[in-house]
Amino acid sequence: MTSLEQRYRRLLAWYPKEHRAEHADEMLAVLLAGSAADQRRPAVRETVDLARGALAIRLRRALVGESGRLWLAAFNIAALIGSIVLLLNPLHRTLVAIIDLVDALLPGVRWTVMPSEPVGIAFVLRYLALVLPYALIVVLAWLGRKKAAAVCAWVWVVMDAWYETTARFRFAPGALSYLGAGDLWDAAPRLLPVVLVAAMLTLAPSPGPAPLGSRRLLVWTSAFVATLVLQKMHFAPLPLMIVAAIVVVLAARSRTGRRVLVVMSPLVIREFVSGIWLESIVVALAMAILGAALWLTRFAPPAVLPGTGGGSRRPEEDASPAA
Amino acid sequence: MQEPTFLILTALAAGPQHGYGIITDVLAISDERVRLRAGTLYAALDRLQGEGMIETDREEVVDGRARRYYRLTSEGAARLAVETERLRRNVETAASRLSRRPRMTTEPGTLGAFFRTAAVAGGAS
Numbered sequence: 001m002t003s004l005e006q007r008y009r010r011l012l013a014w015y016p017k018e019h020r021a022e023h024a025d026e027m028l029a030v031l032l033a034g035s036a037a038d039q040r041r042p043a044v045r046e047t048v049d050l051a052r053g054a055l056a057i058r059l060r061r062a063l064v065g066e067s068g069r070l071w072l073a074a075f076n077i078a079a080l081i082g083s084i085v086l087l088l089n090p091l092h093r094t095l096v097a098i099i100d101l102v103d104a105l106l107p108g109v110r111w112t113v114m115p116s117e118p119v120g121i122a123f124v125l126r127y128l129a130l131v132l133p134y135a136l137i138v139v140l141a142w143l144g145r146k147k148a149a150a151v152c153a154w155v156w157v158v159m160d161a162w163y164e165t166t167a168r169f170r171f172a173p174g175a176l177s178y179l180g181a182g183d184l185w186d187a188a189p190r191l192l193p194v195v196l197v198a199a200m201l202t203l204a205p206s207p208g209p210a211p212l213g214s215r216r217l218l219v220w221t222s223a224f225v226a227t228l229v230l231q232k233m234h235f236a237p238l239p240l241m242i243v244a245a246i247v248v249v250l251a252a253r254s255r256t257g258r259r260v261l262v263v264m265s266p267l268v269i270r271e272f273v274s275g276i277w278l279e280s281i282v283v284a285l286a287m288a289i290l291g292a293a294l295w296l297t298r299f300a301p302p303a304v305l306p307g308t309g310g311g312s313r314r315p316e317e318d319a320s321p322a323a
Numbered sequence: 324m325q326e327p328t329f330l331i332l333t334a335l336a337a338g339p340q341h342g343y344g345i346i347t348d349v350l351a352i353s354d355e356r357v358r359l360r361a362g363t364l365y366a367a368l369d370r371l372q373g374e375g376m377i378e379t380d381r382e383e384v385v386d387g388r389a390r391r392y393y394r395l396t397s398e399g400a401a402r403l404a405v406e407t408e409r410l411r412r413n414v415e416t417a418a419s420r421l422s423r424r425p426r427m428t429t430e431p432g433t434l435g436a437f438f439r440t441a442a443v444a445g446g447a448s
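In order, the protein sequences belong to chains W and D. Per the working numbering: the first sequence = residues 1 to 323. Per the working numbering: the second sequence = residues 324 to 448.
Don't read these hints as lab results, they were simulated from the structure. Hints should not be assumed to be uniformly reliable.
Just a sample of chain D residues kept apart from chain W, beta carbon distances all over 10 Å, derived [claimed, not checked]: (1) F329; (2) A336; (3) E406; (4) R409; (5) R411; (6) R420.
Here chain D is said to cover these stretches of chain W; the calculated rule only asks that three of the stretch's residues, wherever they fall, bring their Cβ under 8 Å from a Cβ of chain D [stated by the list, open to error]: (7) 20-34; (8) 53-60.
Virtual Cβ for every residue (Gly too), placed ideally from N, Cα, C.
Excised from the complex, chain W in its bound form (with noise of 0.2 Å):
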């Protein structure tokens, strides 16, 4: 055994052990024939190609197959999700107003303590304006126009930058954060979110509540919406917490559900963390998964993805039974 042949040998341990067991000599054939006559070492070309090779195979046998199709199924259900969530903050506020309104309104019936807020048309009109820019995004996502509803999001990012770091003072103070105004780089962390959803929505193949069914997810988006009012109303049966905890619960039963709660995870993590680092940790983390992402619905065959294109249209069809 030459030296040169033990040295493509080691460059061959890159590859899965199923793979090297299969082709690891005729690999070594084709490398020997290709190489120089008084070649000692693989050429750093040679090397770089290998590890490339191996690395793409890896990815390959990592994520398509059965594994590949369920994490497209997770990035669809996720980029409807999070902008479901995003959705959620002014809705409530949006409901919030309007309860204040009719409780100014109506002095006999009090149901909740006193409003936190101004109380008036006014303000349930300004938060009503938030609601519609998320409320159409998400509706473009659950009926699988993406194109449509990446185009929305990406448009909001902007407005919202520039709400963020010039409008703030002019139009609804606290609207959409209780902070003040700042340059962008102030603002980055706040407009995470919605540049995260904007590029889930941008990177799925085709966002919609396909493996979910339509019906199961309004049902927990008003269940989260109701839990929300009701708090505000005191007379919350179950804190917030507990029903993310419960849905956290339920969908880690499922190996869709587990794979949506680590596509969700930067957004969750968001809602928790805040500090520079951390910040930076979750950024770092949803670039993984964008990066994923985009490998996957650029690089797995189309044999892999029946079920997930059209599946977004016709939700109730593809809704499995169980889970």
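Since the structure of chain W is provided, determine the placement of chain D on it from the hints.
Quick look at chain D alone, frame taken from chain W:
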């Protein structure tokens, strides 16, 4: 379909070949332009096998080493045919448009030549 994939399938369209045979064949088909390396080739073979476009034909032992031959499946042949048809249409369109382009027989800088060229090019596109 990317060019290396197209060339690998084209190499196998003539008949079963082993790894190094594919590399030399692709080099010949592409006029020495595409030199596949082992890592690229075997990643492509792995993917094509996963997609059902190629399959193992037979194994031989040469110099004490297993040499595996690959062949095109009917699905692979169909995909190659579709891609070839697509490329053929592109080539024919490009060729016919190029042939309709006027040669610059008159003096190039004159105004008349410019307008003739612009009119023909506008009509062809």
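To see whether the hints hold, each was checked on the structure:
1. Every beta carbon of chain W lies more than 10 Å from that of F329(D), the smallest distance being close to 15 Å; the non-interface claim holds.
2. No beta-carbon of chain W comes within 10 Å of the beta-carbon of A336(D); the shortest separation is about 20 Å.
3. Every Cβ of chain W is farther than 10 Å from the Cβ of E406(D); the closest lies at roughly 14 Å, confirming the non-interface assignment.
4. The beta carbon of R409(D) is kept farther than 10 Å from every beta carbon of chain W, the shortest such distance being approximately 16 Å.
5. Every CB of chain W is more than 10 Å from the CB of R411(D) (nearest about 22 Å), matching its label as outside the interface.
6. Non-interface status of R420(D) relative to chain W is upheld: no Cβ of that chain comes within 10 Å, the nearest being about 31 Å off.
7. For a cut-off of 8 Å, the count of residues in the region 20-34 of chain W with a CB near a CB of chain D stands at 10, and the three-residue condition holds.
8. Note: the region 53-60 of chain W has 5 residues with beta-carbon separation from chain D under 8 Å; the three-residue rule is met and the coverage holds.
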